[in-house]
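4 protein chains.
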Amino acid sequence: MPQNLFPLDSTKPFTDQQVTGHNRWHPDIPPAVTVKPGDEFRADCREWFDGYIRNDDSAEDIRTAPMSKVHALSGPFRVAGAQPGDLLVVDILEVGPIPQETGPLAGQGWGYTGIFAKANGGSFLVDQFPDAYKAVWDFSGRKATSRHVPHVAFTGITHPGLMGTAPSTAMLGKWNTREAALIATDPERVPPLALPPEPRDAVLTTLAGAEHDRVAAEACRTAPPRENGGNMDIKNLTAGSRVFYPVYVDGANLSVGDLHFSQGDGEITFCGAIEMGGFIDLRVDLIKGGMDTYNVHENPVFMPGNTPPQYAEWLAFSGTSVTLDGEQRYLDSQLAYQRACLHAIDFLTTFGYSPEQAYLLLGAAPIEGRFSGVVDIPNSCATVYLPTAIFEFPVAPSADGPVRIDPGIGAPRA
Amino acid sequence: MPQNLFPLDSTKPFTDQQVTGHNRWHPDIPPAVTVKPGDEFRADCREWFDGYIRNDDSAEDIRTAPMSKVHALSGPFRVAGAQPGDLLVVDILEVGPIPQETGPLAGQGWGYTGIFAKANGGSFLVDQFPDAYKAVWDFSGRKATSRHVPHVAFTGITHPGLMGTAPSTAMLGKWNTREAALIATDPERVPPLALPPEPRDAVLTTLAGAEHDRVAAEACRTAPPRENGGNMDIKNLTAGSRVFYPVYVDGANLSVGDLHFSQGDGEITFCGAIEMGGFIDLRVDLIKGGMDTYNVHENPVFMPGNTPPQYAEWLAFSGTSVTLDGEQRYLDSQLAYQRACLHAIDFLTTFGYSPEQAYLLLGAAPIEGRFSGVVDIPNSCATVYLPTAIFEFPVAPSADGPVRIDPGIGAPRA
Amino acid sequence: MPQNLFPLDSTKPFTDQQVTGHNRWHPDIPPAVTVKPGDEFRADCREWFDGYIRNDDSAEDIRTAPMSKVHALSGPFRVAGAQPGDLLVVDILEVGPIPQETGPLAGQGWGYTGIFAKANGGSFLVDQFPDAYKAVWDFSGRKATSRHVPHVAFTGITHPGLMGTAPSTAMLGKWNTREAALIATDPERVPPLALPPEPRDAVLTTLAGAEHDRVAAEACRTAPPRENGGNMDIKNLTAGSRVFYPVYVDGANLSVGDLHFSQGDGEITFCGAIEMGGFIDLRVDLIKGGMDTYNVHENPVFMPGNTPPQYAEWLAFSGTSVTLDGEQRYLDSQLAYQRACLHAIDFLTTFGYSPEQAYLLLGAAPIEGRFSGVVDIPNSCATVYLPTAIFEFPVAPSADGPVRIDPGIGAPRA
Amino acid sequence: MPQNLFPLDSTKPFTDQQVTGHNRWHPDIPPAVTVKPGDEFRADCREWFDGYIRNDDSAEDIRTAPMSKVHALSGPFRVAGAQPGDLLVVDILEVGPIPQETGPLAGQGWGYTGIFAKANGGSFLVDQFPDAYKAVWDFSGRKATSRHVPHVAFTGITHPGLMGTAPSTAMLGKWNTREAALIATDPERVPPLALPPEPRDAVLTTLAGAEHDRVAAEACRTAPPRENGGNMDIKNLTAGSRVFYPVYVDGANLSVGDLHFSQGDGEITFCGAIEMGGFIDLRVDLIKGGMDTYNVHENPVFMPGNTPPQYAEWLAFSGTSVTLDGEQRYLDSQLAYQRACLHAIDFLTTFGYSPEQAYLLLGAAPIEGRFSGVVDIPNSCATVYLPTAIFEFPVAPSADGPVRIDPGIGAPRA
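Protein chains in written order, with this note's numbering: chain F, 66 to 479; chain S, 66 to 479; chain D, 66 to 479; chain Z, 66 to 479.
Hints in this document: simulated from the structure, not taken from any laboratory.
C-beta: ideal position from N, C-alpha, C; glycine also.
Treat the hints with caution; some may be incorrect.
[What the hints assert, rightly or not] Quick list of simulated restraints, FRET-style, between CB atoms: (1) Z:Ala464 to D:Pro95: 25 to 33 Å; (2) D:Thr242 to S:Asp121: 54 to 62 Å; (3) S:Val98 to F:Arg254: 51 to 59 Å; (4) D:Ala235 to Z:Gly473: 38 to 46 Å.
[Stated by the list, open to error] Computed footprint of chain D on chain Z, listed as stretches where at least three residues anywhere in the stretch have a Cβ under 8 Å from a Cβ of chain D: (5) 143 to 151; (6) 217 to 225; (7) 239 to 247; (8) 310 to 323; (9) 357 to 364; (10) 430 to 439.
Could you build all of it, start to finish, from the sequences and the hints given here?
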């Protein structure tokens, strides 16, 4: 087990720790820790809402979750010798929940999936699911089960939802400009098209005073993935993965957080994964000048680990880029995937699940979401694959019709 | 080996066979063959351009390929007893190239991948690749290699690109209406937004005379996937797969064609798979009333086979929904996947491939394309995974830099 | 599809074909066909008993199967330029059942598994199963089911049971000497310890007269695997496999036969696989001097194909090297595997199968048999793994106890 | 993380801990801890030699390792309510090395593989490798590398080598009787045929005085696997596995130890796995009366976990039951597997490894060892599969011949 360079006390909030991380992107956020190429180290990570969400049967916390505080990130880790133009090689050695006794925080034996309400960010299927819902998942070893989505059990595909290097000043400017331009096209939209800088609740490691205020006013939010990686929500970044990040600032300034016990492709309920606090063990190295050598100037390249959960039988659903109202869209894979996911939800309700239970399951279980056809004008075809072994009942269609399960207490709503 | 109910003579064009198929969708196309639930049967299939493409080092045929003739489909197969509201269960027992000596037609020991020119339909990356290119792939058992894309070899993920049931009259009307509305938004666009009915070159099994002309004028083109399945281009429909199709007309009227020796997720070069003529063995059955029972009213549900090619190490690229010009788009996964594929192409060129070679490879090899993040406003994150074992050289980034391969004669252009 | 260099007429016995193969090993058996390095070709193969076994509900044919006639092999294929000391590279491009209409011969839509009686060769568990039993398996695409072993269905792991190069004269002498010495230790044993040369029913391609009689008297039987490969019964030699054979005679003289639609590790019922006639497509090449270069002087090296059937959940049984009578043997993995298989059989009978049905299933389905511990004196530990997905009922132990299945007509006995 | 019911202080020997385990099998060894059905708990485990082996470049410790002290086991864990005739269900929730800073003990960032000398137990290939050798493996996340076997790296298949329930008095008597009978056939053999009870160094939890001496005189050694499970060395018992153990005494009295970071099938170097100290998280449950219900009266049944390391390309070697001296043995799979392993070793030496390095690698890496043919008289065929991806160089045979690697300092010998 490597040395913990970013230890966190689970009983304290993000801002009361011995070492403070950050929740915004900016080149001037001071590194919290310095490492060197070849180093292995551990970092503890807060769950993305810093412990706001509780293990209970209410979704009130999901409805009111403070978006201004996310994501509580560990780092930045400065890598000695890293320079713009290098590729930062990051090996994910291990990742897991908080290694302590069962307690009140997500990660201590449990995690959660939330459908965010339209007024608080919404989700992939916000028009069909405008309200807030929550599912709590219990961990037993590598497996998850939920009292809110009964009759399923699956091995988590555990990974960090967010990891990335710091942007340069020029890149930060580019981000702010292009996102502001998008927001300007419909500034009052609910949910918003993008999130502008938000000084309130900004945490910037050691910055204070005027410098804090300047950086907080300029810093980009952490919600979207961007050229530096960031909140990519790639479920395949399990232990054993190697990621190659572009380096934009001296020291690279790597940060990490938003750990997920499991997630389906797309993280479709927005807070779609099984969110948890935990730890991650990393090793860093450099390919000097690698950005030009390999033509990797933006968006990380990666090699997934070789111990993801294995499934051999899948039940799959397809969708095309026609809206629910029957309007034909042109090669819109985002829409096609929404339709495929809605088809999966419609199907699962025939067994007795509520639509929200089915939706929460698709966000949390290791489902595969694929671009199947992207060129056959005017319809994209997207497909979503559910491993049948996660269900405790036979789920394949047959002449016998669906068995009826007891949906239990259902997923709490707020 | 089941009985061949749709035998084709490879030396003759689609319209000169003893049994004629079709290349349009319409409820009034007469069935070519009748089968009953539980039957197993073989159907031969022409490659989608009916033999127009040659095994040579020119892309002239790709540039001039007659889009009005596609897809040359085998069927319809009427399933006795099938009624609207049923689910048609189709087991893909086997699928493969033309089981004959090496000859002049795609499928007889070889197949092809084409990048279509902007003026003839274009492709997923049409703005970056506006011209026509071709790669010929040679088959050796289950493996493919190409003189136009050297230093790679891979086991094909063989499947039918197109399979579906006939639409009802009402559904056909809905298709025509919604697609016409889309076309009307930019009728002169090149490539077009969608393809309207095209009576020229329409083949409609036994229809002739006025009835042929009426149906040809109304029938939908086969390019896009729709509620009935159709041209879904799902690479995972390998031998051993089971597909559940909605039934919209008496007899279901199943058709199949567009066989692919292999394909990457998205079929991104448009004629992106390795196209071939061949055969497919099917078994059909019914779940009476299954559309309501399982809430499957459109877009097939399926269970992939369990003998796809296995790979354990992948090199993956990511993209977000920002255009190459730097414009921020809102959760556009289609764009994010384009960017991920462009990153993969940029990377592969550092080894010595031309961009076109890399693009053709991504269309043909069993790459995975996943929706990784679809909710993190404003950026979707899409990822594309290349199995490293298909390359005859080490392809992972390292401090040594890329080895340089000899790209050979390259991919012919027209 | 490569050219068929060894075509067989399924309606005729092995000895009445236009080209005759062989059923013994000897360096002086004349090659049937000559190929050259790089060639791809097809060979038809008779099932190992040349069509003696019938698709019926009697095991009389298994009880009386003529062991002197096996194995009906296709070849030898002389590879031009091959010399002793080379490694012969054989790619298995494809392998499958007889590509014709359903008919009377194994391979034409069906195959069989037999438990051989003690008086006719016996099997792995001969003391527990001294009588003859048979199960007929029906093929549907890549899947097998049986009226004699109901409630299971599995994708076959199709492969040649026997492939090998010709021995040199010296090697043949060595085989005969060492096997005669073994037989001499207990010459009356039933079943025998080994099979000496048997001139009766020997088929030696074109040999006739005195030369035939000389070779027939010296030639080794094909039952055991030996330095040249031969009857290795390696279930993993599926399509896509590459095998490196030592070359002992000029031309290598490769022969192949004993095709299996499927088999479990060990082929434990003796005629344990699903036996069939069929075809195999091969490509041959040479590594000149490869035996010394790679230290491969006996027993082939191989690389399995990458499209075997995939299973992700297994139910496994263990055994150690203690006899059923309680005698402790010293690190006897053969015994440990017998005990593991017996445990699997005992377990499966609690669901309603007869012991013979369970035994036949273990011989035919793609079970894994592993050496788990071979050093922990005095007990070896062997393990056998059954994929749970082959059963149509839940097979894992639980507090509910086993469901009871209807064993149907059972496996016929003779 | 479940509660640690068997905490160990890594700085202290097995006998100086707050809770003491045992290193012999006997029904009268008092349970160390009591749990109840449904409980999840952690147990720390000493490495099997209790810290005797050092991280250095000498094999002196392997040569002199005190066999009388093994295996240092954690437990027994009494399961309330368990009675003879029940099946004890044990879920392996997690297993890993000592979760602490890098230190002097195996498990703290490193582990070891040893070839035992003939005079101290020997190994699978003792005649070819009569001396002691050692390889130290360094852990980085889930991967292992070794300065003693360079140019390989692999993901460990981490599991407990030994887990089992306590024998009844009758069963203990049976073990002692049958093993004594075996020893009596050659009592002076080196290495011995089996190990009789050894009071010296016996640790029996809380037993002391006369009762300790009585039990120590009767108790069976832990080296061999037996009816109760025990030292099965099944590499597939990774996290996520479920094991069903027969219960022979009230409370079941489950014990566990001998953790392996990785192992190849057979654990062929005797101390063949990568040995380490660490922890294991378990959940226990009961199937009352399950031994009769499921016909499981001896030797555990198990279902492996679904996150083992994945490999898709394998290089395999075969062997038959002929001795190196050319003597034909009758269906001896133990011998056939020895020959297959020797072939793999011979092959790997052509790249530059010493035979000992190759042998140590086969013991430690996740190789597969299969019973391929066990019925083809007189030869068994065994096969061993090496994942090619563990090598940093191309390992498949080709016309180019083997690359030559630098074997480094080699494996130390004593």
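Hints versus structure:
{"no.": "1", "hint": "Z:Ala464 to D:Pro95: 25 to 33 Å", "in the structure": "holds (29 Å)"}
{"no.": "2", "hint": "D:Thr242 to S:Asp121: 54 to 62 Å", "in the structure": "holds (60 Å)"}
{"no.": "3", "hint": "S:Val98 to F:Arg254: 51 to 59 Å", "in the structure": "holds (53 Å)"}
{"no.": "4", "hint": "D:Ala235 to Z:Gly473: 38 to 46 Å", "in the structure": "holds (40 Å)"}
{"no.": "5", "hint": "143 to 151", "in the structure": "violated (count 0)"}
{"no.": "6", "hint": "217 to 225", "in the structure": "violated (count 0)"}
{"no.": "7", "hint": "239 to 247", "in the structure": "holds (count 5)"}
{"no.": "8", "hint": "310 to 323", "in the structure": "violated (count 0)"}
{"no.": "9", "hint": "357 to 364", "in the structure": "holds (count 6)"}
{"no.": "10", "hint": "430 to 439", "in the structure": "holds (count 7)"}
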